[in-house]
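Student: Residue numbers (UniProt numbering), protein chains in the order written: chain A, 1 to 369; chain B, 1 to 420.
Hints listed in this document are in silico derivations from the structure and should not be mistaken for laboratory results.
Note that this is a predicted model, so its numbers are computed, not measured.
Glycine included, each C-beta is placed from N, C-alpha and C at the ideal position.
Some hints could be false.
[As the list claims (entries may be wrong)] Facing chain A, from chain B, some residues (calculated, C-beta under 8 Å):
| id | residue |
| --- | --- |
| 1 | ALA313 |
| 2 | SER320 |
| 3 | LEU321 |
| 4 | ALA323 |
| 5 | PRO324 |
| 6 | PHE329 |
| 7 | ILE332 |
| 8 | GLN336 |
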Amino acid sequence: MEAGMVTPAPALVRFSGIQKTYDGEHLVVKNLDLDIRKGEFITLLGPSGSGKTTTLMMLAGFEVPTHGEIYLADRPIKNVPPHKRDIGMVFQNYALFPHLTIAENIAFPLSVRKSSKADVQDRVRAALRMIKMETFAHRRPGQLSGGQQQRVALARALVFNPQLVLMDEPLGALDKRLREQMQLEIKQLHETTGITIVYVTHDQSEALTMSDRIAVFNDGIVQQIDKPDALYEHPVNSFVAHFIGENNVLPGTVETVERDYCRVALAGGGTVAARAVNVSGAGASTSLSVRPERVAIVRDGSASEGPNRLPAKVQNTIYLGDHALAVLDVAGNGEFMVKLQPGAHHGLPQGECVFITFRPEDCLALDPV
Amino acid sequence: MTDALLTGADASTEVPLKRRLRRTERTRQLKALALVAPLLVFLLFTFAGPIAGMLWRAVDDREVRQVLPNTLAALAGWDGKDLPDETAYAALASDILAARASGTIAIAAKRLNYALNGFRTILTSTARNLKSEPERGTAKETLGRINPAWRDRATWTTIRDAGGPVTSFYLLAALDLTRNVDGAIVAAPPDQAIYRSLFARTFIISLSVTALCLILGFPVAYLLATLPPARSNLLMIFVLLPFWTSLLVRTCAWIVLLQSKGVVNDSLLWLGIVDEPLRLIYNRFGVCVAMTHVLLPFMILPLYSSMKAISPAYMRAAASLGAPPLTAFLRIYLPQTLPGIGAGSLLVFILALGYYITPALVGGAADQMISYFIALYTTETANWGLASALGAVLLLATVLLALVYGKLVQGQQVTGGMKN
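One chain only, chain B, in its complex shape:
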C-alpha cells in the first residue's frame, strides 16, 4: 500500500500524463488506505510497538548508572589497565551510602551479578559494613578491607561495562559470548554457555516438525486438490477441525493418548507388540508428535492452494509425451508445488520456532525450546534484558529465513501457461 504511494510519487515529476494518472488514482488509494488504517493502527500498538520495546530492552542498560552515578563518572577516565585511583573508591563509597539510604542497592546488585557471579554479595556486604563515609584518602584501603574483591581489577571493569546507557552484554550472552577483563569478546564460561545449543535444539525440533508436516501433509493436500468437491469438502473439514479446538486441549489429549498407561501403550501391550509401556511422552518423540499435529493444517492449506492451481491437463500432457507416472510427478507436478511447499514449510517452521506451551507440557527437560527460557526470564527471574536478547536473536533468524524464502520465490517466479 505505502509502496504504491511512494512509487507513484517518484514517477509523477516526469510526464504530465503520469501526474494526471496519479491524481485520479490518489482518491482511490486514500480510500484503500482508510480501509486498512484501523488494522495498521492496531498492529502498530500490538505488534510493532512491543517488538520495538523488546529490541530496546535487549540493549537497554541504565540500572547501574542510576544507582552508582558518581562511581561511573570517576571511572570515565580510567584506562582499565590498573586498579582505579582513590577518587573512584571515594565516589563508590558515597554512592553506596546514598543507595543504602534510598534502598536501591538491590537493583544494581542484580544487574552486576548477571555479569559477574557473586557481585551481589560484594555489594551488599560492602553496603552493610560501610558505616560512614571513609576519611579523605582512605577510601581505597577501607573498601579493600571490607571486601578484598575491591582490590580486583575485574570488579571495577564489571561496574564500568555495566555503565550503559546501552550494552551488548545481553546480546552477547544470548550467543554464549562475553567480554573479558580487557573488553575483548570471548566465549562464555562453559557453565553459562547454554544458549547456542538451545538455539540448535530449537532449530532441530522445528526442522523435524516441518519435515514431518510436509511428509504427512503432501498426500493429504493432493487428495484435497484432486477428489471430487463433495468428498474433498468433507476432508477439508477434518483438516480444519484442529482449528476449532483449543491448543491446550489438543496438547492434553496427546498426554492422555501417549502416557505410559495411555491408549497407545495399552493397545500395544494388549496386542503383545511390546512387553512394557514405551516412553512416548515427556521426551522428543512426544514433542514432535504433538507439534506436528497442531501445525499440520498450516502446511496442508498452502500446499492445497498451490496444487489446486495445477490443471490435471499437465499430468495428462506429460503422460501423452511419454513420461511414466513417477517421472511426470517429479518433473512436472512437484516443481509446480514448490511455492506451496516453500510457503507451508516457512509457515510451520517459523510457528514451531516460537512454540512454548506444547513442549512445556509434553516435553522433558531436554526438549524445552528457546521460548521456554524467554518465558522463564520474563516471568520467573525478571531478567528482561536476556529475555529480550534471546527474542531478538530468534527474530533475526526468522527474518533472515523469510528473506531467503522471498529471494527463492522471486528467483523462480512461475507464470501460469493455462488460459481458461
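Okay, chain A solo, but in the shape it has when bound:
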C-alpha cells in the first residue's frame, strides 16, 4: 500500500495543512493533510468530537478552514461556495424536502442546473430504477420508511453525477438489520458507479465493511490512514488498536529491543515478547495490545512451546451464539478477553486457573495508554 508498490490513483481531493477552530482557543482539526483518490471509498472514522464531521463540512463548503487549503481536482476551493463545488451530499437525517414529491426531490439538482425537461425526466426515472423505487415517484418523503428515505437521499446526491459524494453518518438513524442491508447497497452502488465517496461514521464495523481506506480521527488528528485489514493487523498506536475491533491491553516496561521485537516486563508480573511497533527504546513504558482471537487457553503450565505464556484465572464466560468469550484475569487486567469456539466455554468453570499463550507477532508493543 505504500508508494512504489502500486501506482495510486491521482488525488481528487487534497487537504493541505488544514486547521479549524470555532472558538479561537481549541483546534477541532489540527494540521490535517489528507489525499482522497479518485474512485475510492474513504471513511473518516472516529469518536464524536474527533474532527471528522468538521473535516467533511469543510470539504462540502459549510465550514471554512481557519488555515490551509483544500484542493478539488487541483483547484483550490476554500473560497468556492457549496453550490458551486459539484459535490453531492447525503445527510444523517436525509434532509429530503418535505414539500416536494420523491420525483421532485430527485429532480431538484437537475432543475437548478437548468437541464431540459426530457433529460430531467429520463434521469429521474433512471435514478428511481437504480434504487428500485419507481412506484414511489409521487409520494411525499413523510410517507416513506427510514430506509426508503435514505435510498432517495442517495439517488438525489448521485443523479447529477457529482465529482464526489459525501455521506455524513447516513445510516445512523436506521435499525441494525436495515443498516447492514444499506451498507451492502451503498457498497454495491460505489462499485457499479465508480464514484468517489467520502463517508463519515463513528461505527468501526460499518467502516470496515464498506471502505477502501479508512482515516482514523482522534483529537483533531488523523491517527492512521490505511486499508481496513491493515488498520486491524497493523495499528500504529494504542488509540487505533483500541478503536478498531476488540483489543486486550497489558501495561508494561520495555526491557530490551532487538530489531522488530522487544521484551516487555508486565506491570502485573511476567515478561513477554512483542512486536515493537511504537516504543522509543529500552526502559520506556508501553502498552501491549493482543486481539482476543489470537490468544489460546491451555491448562498445562509445563507444556512450554512459546515464549509468551501467562497464568490466568477464569472470571466469567459469555456465550454469543457464533462464538463465546472467556473473561480472564491476566497480570492484573481483570477484563482480558479470549475468543473461544462455541461450546468451549463449558470447560471453563469460574475461578479455575489456566494459562494463556499467544505468538509474539500477535502482540503489539504500542505507546502507553
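Assemble chain B onto chain A, guided by the hints.
Tutor: Chain B alone, transformed into the frame defined by chain A:
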C-alpha cells in the same frame, strides 16, 4: 372534542372491537370534556351568545308592528299597486291615536324614518293634527288633508315593508341596496350608498397592514429562528414587548412621534431633509404605521414557529445539490414557511378588519374603518339593526376567508421528512 365523540359514536355499531375501544375511550373523553367545560360555558355566554344576538338584531323588525298593529293587519291583503282602501286609513288613524296616548309614536317614527327619509315628520305631524277618530268613511280624506304624503303609495309600502317580524332591510342597507316601491332590490340612492366603499376601505387598510407586517416580520422571524438561543431570546423579548403595553398607550405614543411638532418631523426638519413638517398622522399613513406596529407580533410568532421547524439541513442540502442561495430560499425555504405566512397573514388581516381605537385616534375622516361606524350606530344613534347588519357582513367575510385558508392549508398538507 365533540368531533371525536361523534365519529366514535358512528363507528361503534360495526364491530364489537370498536365498541369496546369506545367504551374504554369514553371515560377519557368525558374527563377531557370536563376539563374544557368551563371554557365552553364561558365562550357560550361571552362569545356565541352575543354573536347570535347580533345576527338576530340584524334581521329583527318588530317596532312598527308593536305600534301600528291594526294598520299592518289592514294592509295584509293590500296588493300594493294602488293606494290602500278606507279600512287601512281608519286603522292607521286609530293606531296613531292609541300610540299618541301611550307615547310610542317615536319608536315607529324612528324605524320608518330609516326606510324613508322624512317619515318622522309625516307621523308626528299627523299625530299632532289628528284630534279625534275620523268619522266613518272619511279617514282617507282626513289623513290626506293633514299630510299629503298619505296620498303617496311609497308611504304605505314603507309601513308594510317595516311590518316585520323579520326584515332584510338592514342587511340590504349594509350592502348599499334597498327595496323600491314595488319591492324589487335596487341600488340605494347615492347619498346613502356609503357602506360598500367603507368595506372596500376596511379591506384595503387591512391588506396594506398585513402586507407591511409580512414584509417587516419575515426577516425578524428568520433571525429569531436562526440566531443562537441567548440572542434569539433577547430578540423575542423585544418582539413581545408591545404585548406588555396597553394598546391605547402604544397608539398615543405614535401621535407623539408623528405629529407635526413630533420627534420624527423635528428630526427631519433639523436634518434639512424637509422644509416644512410632513403630514404623518391623521391620515392613511398614520393608520398603517400604528396598526402595523400593534399587529406585528401576531405575524412574527406564527412565522417563527413555522421557521423553527425547518431544519438548517434543508438549506445545506439544497446548496450541496447546486442551488444558489436565492434559489434555495425560494424553492426550499419559502414553501415550507407558507403555513406560517398563511396563519400570520390571516390572523393579522382578521384582527385588522375589526380595528377601531387605532384608526379612530390616528386616522382622518377618510380613514375610519367599518368598526367606527358600527360603534357610531350602537353608541350614538342607537340604530342597532344597521350596526348588527354591518357586523354580520364583516363576520361573513371573515368566516369566508378563514374557510378559504383552511382549504388551502389542507390542500398542501406538509408532512415532515425529518426524523430526529
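Student: With a cut-off of 8 Å, does the beta carbon of B:GLN336 approach a beta carbon of chain A closely enough for the hint to hold?
Tutor: Result: holds, 6 Å to nearest chain A Cβ.
Student: Any CB of chain A closer than 8 Å to the CB of B:ALA323?
Tutor: Constraint on B:ALA323 satisfied, holds at 4 Å.
Student: Let me know if the C-beta of B:ALA313 comes in closer than 8 Å to any C-beta of chain A, holds or violated.
Tutor: Holds, because the Cβ-Cβ distance from B:ALA313 to chain A comes to roughly 4 Å (cut-off 8 Å).
Student: Given B:ILE332 as an interface hint, is the shortest Cβ-Cβ distance to chain A below 8 Å?
Tutor: holds, 6 Å
Student: Tell me if the interface restraint on B:LEU321 is satisfied: Cβ within less than 8 Å of some Cβ in chain A.
Tutor: Constraint on B:LEU321 satisfied, holds at 4 Å.
Student: Tell me if B:PHE329 is really an interface residue toward chain A, meaning its C-beta lies closer than 8 Å to one of theirs.
Tutor: Result: violated, 12 Å to nearest chain A Cβ.
Student: Can B:PRO324 be said to touch chain A, with a Cβ gap under 8 Å?
Tutor: Hint holds; B:PRO324 Cβ to chain A Cβ min 5 Å, cut 8 Å.
Student: Are B:SER320 and chain A close enough, Cβ to Cβ, to be under 8 Å, as the hint says?
Tutor: holds, 4 Å
Of the numbered hints listed earlier, the single one contradicted by the structure is hint 6.
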